[in-house]
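Asks: Between the sequences and the hints, there should be enough to build the whole structure, so can you do that?
Residue numbers (full-length UniProt numbering), protein chains in the order written: chain A, 1 to 793; chain B, 1 to 166; chain C, 1 to 277.
Because the hints were derived from the structure by calculation, they are not lab data.
Glycine included, C-beta positions come from ideal geometry on N, C-alpha and C.
Any given hint could turn out to be false.
Taking lysine to any residue and the SDA-like style, the derived pairs with C-alpha atoms no more than 20 Å apart in a straight line are [unchecked claim]:
1) A:Lys790 - C:Ser253
2) A:Lys26 - B:Asp93
3) A:Lys70 - C:Gly48
4) A:Lys790 - C:Gly235
5) A:Lys17 - B:Ala100
6) A:Lys26 - B:Ala90
7) A:Lys26 - B:Asp87
8) A:Lys26 - B:Thr92
9) B:Lys8 - C:Ser253
10) A:Lys70 - C:Ala6
11) A:Lys790 - C:Val233
12) A:Lys790 - C:Arg29
13) A:Lys26 - B:Gly39
14) A:Lys790 - C:Ser248
15) A:Lys790 - C:Asp249
16) A:Lys790 - C:Glu163
17) A:Lys70 - B:Lys8
18) A:Lys17 - A:Gly731
19) A:Lys17 - B:Asp96
20) B:Lys8 - C:Ala6
21) A:Lys26 - B:Ala100
22) A:Lys457 - C:Ala270
23) A:Lys790 - C:Arg56
24) A:Lys790 - C:Asp245
25) A:Lys67 - C:Gly48
26) A:Lys26 - B:Asp96
27) B:Lys8 - C:Gly48
28) A:Lys790 - C:Val237
29) A:Lys70 - B:Ser128
30) A:Lys26 - B:Gly84
31) B:Lys8 - C:Arg29
32) A:Lys306 - A:Leu173
33) A:Lys790 - C:Ala255
34) B:Lys158 - A:Asp727
35) A:Lys70 - B:Arg23
36) A:Lys790 - C:Ser242
Simulated DEER-style distance windows between Cβ atoms [as the list claims (entries may be wrong)]:
37) C:Glu27 - A:Leu710: 27 to 33 Å
38) A:Glu175 - C:Thr250: 34 to 40 Å
39) A:Ala216 - B:Gly39: 26 to 32 Å
40) A:Gly397 - C:Thr250: 36 to 42 Å
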Amino acid sequence: MTIQFNDPDRPNSYIGKTVPRPNATKLVQGRGRYVDDIALPRMLHVAFARSPVAHAKIGEIDLDEAKAVKGVLRVFTGKDLAEVCTPWVAVLAHLKGLKSPPEHPLAVDRACWVGEPVVAVVATTRAAAEEAASLVMVDYEDLPAVTDTMTALDKDTPVIHPELGDNLAFRRLHEEGDVEGAMAQAHKVVSARFRTARHTGVTLEPRSILVDWNPAEGQMTAYHATQAPHMMQTVFAKHLDIPESRVRVICGDVGGSYGIKVHVYPDEVATAAIAKMMGRPIKFIADRLESYSTDIHARDHEIEAKIAVDKDGKILAIDVDDWTGIGPYSVYPRTSAIEGNQVVNLCGGPYDFANYRAQTTVVFQNKTPTCQYRAVGHPIAVAITEGLVDMAAAELGMDPVEIRRRNMYADDAYPVTSPAKMRFEGLSHHASMDKLIGMMDYDALRADQEDARKRGKYRGIGIASFIELTNPSPFMYGIGGARISAQDGCTVRMDPDGSVVALSGVTEQGQGTEAMLSQIVAEGVGVNPSQVRIVTGDTQVTPYGGGTWASRGAGIGGEAALQAARALRDSILEVAGAMLQADASTLDIRSGQVVDGDSGEERMPLEELGRIVYFRGDTLPKDLPRELVQTRHFITMEYPFAFTNGVQASYLEVDTDTGVVTLLNHWCVEDCGRVINPQLVDEQIRGGIVQGLGGALYEEIHYDAYGQLLNGSMADYLVPMAAEMPDMQIGHVETPTGESELGAKGAGEAGTAGAPAAVMNAINDALRPLGAQVTEMPFTPERILRALGKIED
Amino acid sequence: MTEMFRDKVDVALTVNGEPVEARVPAGQHMIDFLRLDLGLTGAHASCEHGVCGACTIRVDGVSVRGCLMLAAQADGAEVWTVEGLTDTAAITDLQDAFVARNALQCGFCTPGMLVAAEELLSAGGTPSRAEIREHLSGNYCRCTGYEAIVDAVESVAKARAGKGDA
Amino acid sequence: MKASAAGYARAENLRHAIEMLVASEGEGRVLAGGQSLVAAMNMRLSAGDLLVDISRLNELSGVSQEGDTVRIGALTRHAQVGADPIVRARVPLLAAAVAHIAHAAIRNRGTIGGALAHADPAAEFPACALALGAEIHVEGPEGDRSIPAEDFFEDVFTTALEEDEILTALSVPAAETGEVQLIEEVARRSGDYALAGLCLVRRAKGHRVALFSVGPKPILATGAMTALDAGDVDGAVAALTSEIDPPSDTQASAAYRRHLAGVLLRRAVARLEGDRT
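Replies: Listed below in structure tokens is the structure:
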């Protein structure tokens, strides 16, 4: 029996409805249990002495003063930990040529970025550990620091890792068609240089881990704020030489992730190694100041790009030269080449054109390592593409909506393969654009803009279409050799009281995973969502899975839950059929009752069925299967990724005296396939948009030429706050994927993908009458005034 | 002469309506005292330099950054955290509105956000959305994008104003 | 991070506080609202201090008017300054400045005396004191003295306060009839330190202009004041931009700040004109 999703009156119709999150109430009552809320007997705290310089040989280490601090129990150097923990190398076989040196939990001979952990201090309190860490004396012999991306490969630039030969981590060139020919024959060619700033995630809960090694059981338990518990289980087991089955990773409440908490961090592995060495629980909670220099950074790209159009605005070719600096190590195990690779994969994404060339050059430098962060590569690719399209439209005197309509893949064109060789199963660019234009009342907004201009106010409208990669298959990581699961599992069982428990390999970081799963399981089995308990984030308990990243929770984890729930329903009905002497196919389960499928007449509550199965199984036929527990795993097979699409618009005002941008309104129409919980999807989109707005207006990690981090505090690294953010109008088009019964694709990153480009285009729309244009993010007041030529140095 | 100064300080205060006596380290801030000594883990330590607002608690009737007040300064103070405000049902409508509107995702900012929002609401009247945004402008939320939070606070303000009229 | 303080003592009265400062032999730090000091301690920018907590000294809190002078106790919290009826009526600049200072929870606890003594060049209150021609009252082991705001602020986080003195109050001339007091600033986000800010006071005697976040201390723009007195706004902007030497940091360059100062002056003057009509 397939679910008639289009029928809102179907029984148990929880999928598609706004259902409250089961775990929200505890969080508003302050009853969440984040890692730092956990205290274990004999627990100790670790703090790290970190490199204050970007690149240096580590000489003498003097630990005497540190050891003398009251409360300090042990101090570990890189050499100490290297004895129990093997180093890792973050490469993937399918990213040809990607190289990276071995990385240790604590630097052994050399420190390669400001913030790299060098010495670990273990004490009875965090305060004592910090005090002691500040007294660790390391003799750093300065080495030249490589900080500029664009000159990292120059002959006279020092090579950070001489054994690798040069500072090139990865380069990929993709060519399709004849770009040179198309450019030569084009009506117009527009080129621009784009810059996206180095960002970091600023999860409100810092990175957190508490590791307990029980030598008596040979078991390690890590309470970890992570997106991928099973991946971390593998990592700890492999590098600390523990059988995988003897590592348990428990992930309770997590205070925000956004990709930051899906990576292997040296200080976290060090914490696990120390726990194993000391046989006591060790807690590491990153301090905010060390978060800025040690949480992964992202999006530090410089791009030269060109677009060629004919006189009707048809895109003939796009040419992209992308450069990014990733720090001294590729980050384990996902690698730091993925973001640049995504830029190559995603540029030009919404558009039907023939000639495409894109190259990404990924270089080492002495800064904090970069890796995957919400909407990996998308904000960059969308800014390049949509920036170029707007510039081409302006050059042609064409409306920015019109030029997009002339180039977007027709909604009935699918499946298609893009010039970047991405395969699209089904997208809805035109329907989404039509809906957006209606929602924002585009013509009225243009009239308002003109009216404002007459009053000397510079307002602008910016549009950004985008595609978004979700539901990745093993083609993302597994094919390259990483033990990162693209499949996910769910076990659903019915307990004697008729309630249902679902254990899932995907995890909750606040996006509403558990609500989404409870709705699916409730509908799949036929009970109220309140009758479903969801268990996630415990590798000893849940089926094996990849966790929550790349917007895969609903599409992959949700489908596994649906299939498991449907299987449990069948098992229950088989028992019910025997008990009621009815053909199971005539029965259904609705709101926790076995009912007659046609009439809806109640035949038996599930708790009665549970009572018989669990306590009076003797009354059932001997050969009757009575497995009221079912597990299903799901993996996508047809497409490497489930692409989604959408379009955003920004309306804003630029103060041309101060350069300050005021956001007036923001719209997003997106298509994530089947919407399971409209409210949760909308709030994912809104939160994602604001994260994107941060990149557009505020967020930028600054380094000096020596690799010193200049703005590593919350007072200096600006994130969006409530007062400046706009209200946002969200709309949907639903094109379910045919890969699953559920039809859900991901929704977590679309907002972040499109928002920066929409803001950039809106600012440039506002500034166009003044002959100014900005392409370097964030669009600070100063950058805008400089573009306007109003600042004299 | 430094015997005038103590590196451990005796304090007596009330926390969530209950008397508390403790000896605290001179440099310990309120939020560590509440979390580590009293087990009140509702309010969170996040930036510990007064910017993020995750540690916002109520002290002597007003919202305060828990990380910018020393526990030693709390002698005689009346302190409320989300746990106490929950137990006394002082902010039930606000909490319900946060859940109904999904005005929280990861929930890490939420206890501080609630204390900040309640301060505005308890001033009475029906603040505009801009006033709500301004009052919450010192409380960082990375998940929601703030709109749902503003919606939830606005709905409670309107509901409370409605009740006042009736 | 976790602060490390060498010691803490609660002052019973002003004399007691001063005695402790004297006894601490330079290691003492006055703790009032703590909104800057505790943050600095938590960031380990300040460690090993002997803290003299004066926050309970009620005699240092509150606003009063004596004749044409408004006296504001050092421990008056920002939120109280902003809400005080005397301040709102007679020193509207201070009330207006409060809205720009950080966020509600900070304003509930931060004190005006603390803000003046901390002397952050990006803070509003020091520039307000300068624009208003305030007197700053301090008390030390030898007794009390008053320091004109123009002599009080010396450099980044540096004032004329001796290390065993405590700032007790500031007094400002109450606004005369027709006096206008304005504050203009541009910050990246609400409550952030200003990229540049400006206070403008117009009295019968003439204009006073003070800027913040454009140098190592709040700056009285005397050239701009003279030009404004002569009715020359362009001249005032020109004078202003030449009498400041703003810093560059990750938020803005000196050139941007200099430009902004001129914009703020024009905006403040436009508001003055608006006020006149």
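Asks: None of the hints should be skipped; say for each whether it holds.
Replies: Against the structure, the hints come out as follows:
For the hint pairing Lys790 (chain A) with Ser253 (chain C), the CA-to-CA distance comes to about 13 Å; that is within 20 Å, so the pair holds. Between Lys26 (chain A) and Asp93 (chain B) the CA atoms are separated by roughly 15 Å; this keeps the pair inside 20 Å, and the hint holds. With a CA separation close to 15 Å, the supplied pair Lys70 (chain A) and Gly48 (chain C) stays within the 20 Å bound. For the proposed pair Lys790 (chain A) and Gly235 (chain C), the alpha carbon gap of about 19 Å is at most 20 Å, so the pair holds.
Using a Cα cut-off of 20 Å, the hinted pair Lys17 (chain A) and Ala100 (chain B) holds, with the two alpha carbons roughly 13 Å apart. As the CA atoms of Lys26 (chain A) and Ala90 (chain B) are separated by approximately 16 Å, the hinted pair is consistent with the 20 Å bound. Proposed proximity of Lys26 (chain A) and Asp87 (chain B) is supported: the alpha carbons are some 13 Å apart, at most 20 Å. Using a Cα cut-off of 20 Å, the hinted pair Lys26 (chain A) and Thr92 (chain B) holds, with the two alpha carbons roughly 12 Å apart.
Simply put, Lys8 (chain B) and Ser253 (chain C) have alpha-carbon atoms about 45 Å apart, too far for the 20 Å limit, and the pair is violated. Distance check on the hinted pair: Lys70 (chain A) and Ala6 (chain C) sit about 14 Å apart at the alpha-carbon level, within 20 Å; holds. The hinted pair formed by Lys790 (chain A) and Val233 (chain C) meets the criterion: a straight-line CA distance of about 19 Å does not exceed 20 Å. This hinted pair does not check out: Lys790 (chain A) and Arg29 (chain C) have alpha carbons roughly 44 Å apart, beyond 20 Å.
Using a Cα cut-off of 20 Å, the hinted pair Lys26 (chain A) and Gly39 (chain B) holds, with the two alpha carbons roughly 16 Å apart. Taking the CA atoms of Lys790 (chain A) and Ser248 (chain C), the gap is about 17 Å. The hint holds against a cut of 20 Å. For the given pair, Lys790 (chain A) sits about 19 Å from Asp249 (chain C) by alpha-carbon distance, which is consistent with the 20 Å threshold. Proximity of Lys790 (chain A) to Glu163 (chain C) is assessed by CA-CA distance (about 44 Å); at most 20 Å being required, the pair is judged violated.
In summary, the hint linking Lys70 (chain A) to Lys8 (chain B) is supported, as the alpha carbons are separated by about 15 Å, within the 20 Å threshold. Under the criterion of a C-alpha separation no larger than 20 Å, the hint pairing Lys17 (chain A) with Gly731 (chain A) is consistent with the structure, at around 15 Å. Of the pairs offered as hints, the one joining Lys17 (chain A) and Asp96 (chain B) holds, with about 19 Å between alpha carbons and a cut-off of 20 Å not exceeded. Our distance criterion of 20 Å between C-alpha atoms is met by Lys8 (chain B) and Ala6 (chain C), whose separation comes to about 10 Å.
Taken as a hint, the Lys26 (chain A) and Ala100 (chain B) pair is honoured in the structure, with Cα atoms around 13 Å apart against an allowance of 20 Å. Note on Lys457 (chain A) and Ala270 (chain C): the hinted pairing holds, with a Cα-Cα distance of about 17 Å set against a maximum of 20 Å. Simply put, Lys790 (chain A) and Arg56 (chain C) have alpha-carbon atoms about 50 Å apart, too far for the 20 Å limit, and the pair is violated. Taken as a hint, the Lys790 (chain A) and Asp245 (chain C) pair is honoured in the structure, with Cα atoms around 18 Å apart against an allowance of 20 Å.
Distance restraint check for Lys67 (chain A) and Gly48 (chain C): the Cα-Cα separation of roughly 19 Å lies within the 20 Å cut-off, and the hinted pair is therefore satisfied. About 11 Å separates the Cα atoms of Lys26 (chain A) and Asp96 (chain B), which keeps this hinted pair within 20 Å; it holds. Under the criterion of a C-alpha separation no larger than 20 Å, the hint pairing Lys8 (chain B) with Gly48 (chain C) is consistent with the structure, at around 14 Å. For the proposed pair Lys790 (chain A) and Val237 (chain C), the alpha carbon gap of about 15 Å is at most 20 Å, so the pair holds.
Note on Lys70 (chain A) and Ser128 (chain B): the hinted pairing is violated, with a Cα-Cα distance of about 53 Å set against a maximum of 20 Å. As the CA atoms of Lys26 (chain A) and Gly84 (chain B) are separated by approximately 14 Å, the hinted pair is consistent with the 20 Å bound. Simply put, Lys8 (chain B) and Arg29 (chain C) have alpha-carbon atoms about 17 Å apart, close enough for the 20 Å limit, and the pair holds. About 16 Å separates the Cα atoms of Lys306 (chain A) and Leu173 (chain A), which keeps this hinted pair within 20 Å; it holds.
Proposed proximity of Lys790 (chain A) and Ala255 (chain C) is supported: the alpha carbons are some 10 Å apart, at most 20 Å. Between Lys158 (chain B) and Asp727 (chain A), the direct Cα distance comes to roughly 19 Å. Compliance with the 20 Å bound is thereby established for this hinted pair. Taking the CA atoms of Lys70 (chain A) and Arg23 (chain B), the gap is about 18 Å. The hint holds against a cut of 20 Å. Between Lys790 (chain A) and Ser242 (chain C) the alpha-carbon distance is near 17 Å, which keeps this suggested pair within the 20 Å criterion.
Distance hint check for Glu27 (chain C) and Leu710 (chain A): the Cβ-Cβ separation is about 31 Å, which falls inside the suggested range of 27 to 33 Å. Range check, Glu175 (chain A) to Thr250 (chain C): Cβ separation about 39 Å, and the 34 to 40 Å hint holds. Distance hint check for Ala216 (chain A) and Gly39 (chain B): the Cβ-Cβ separation is about 28 Å, which falls inside the suggested range of 26 to 32 Å. For Gly397 (chain A) and Thr250 (chain C), the Cβ-Cβ distance of about 39 Å falls inside the hinted range of 36 to 42 Å, so the restraint holds.
Hints 9, 12, 16, 23 and 29 from the earlier list are contradicted by this structure; the remaining hints agree with it.
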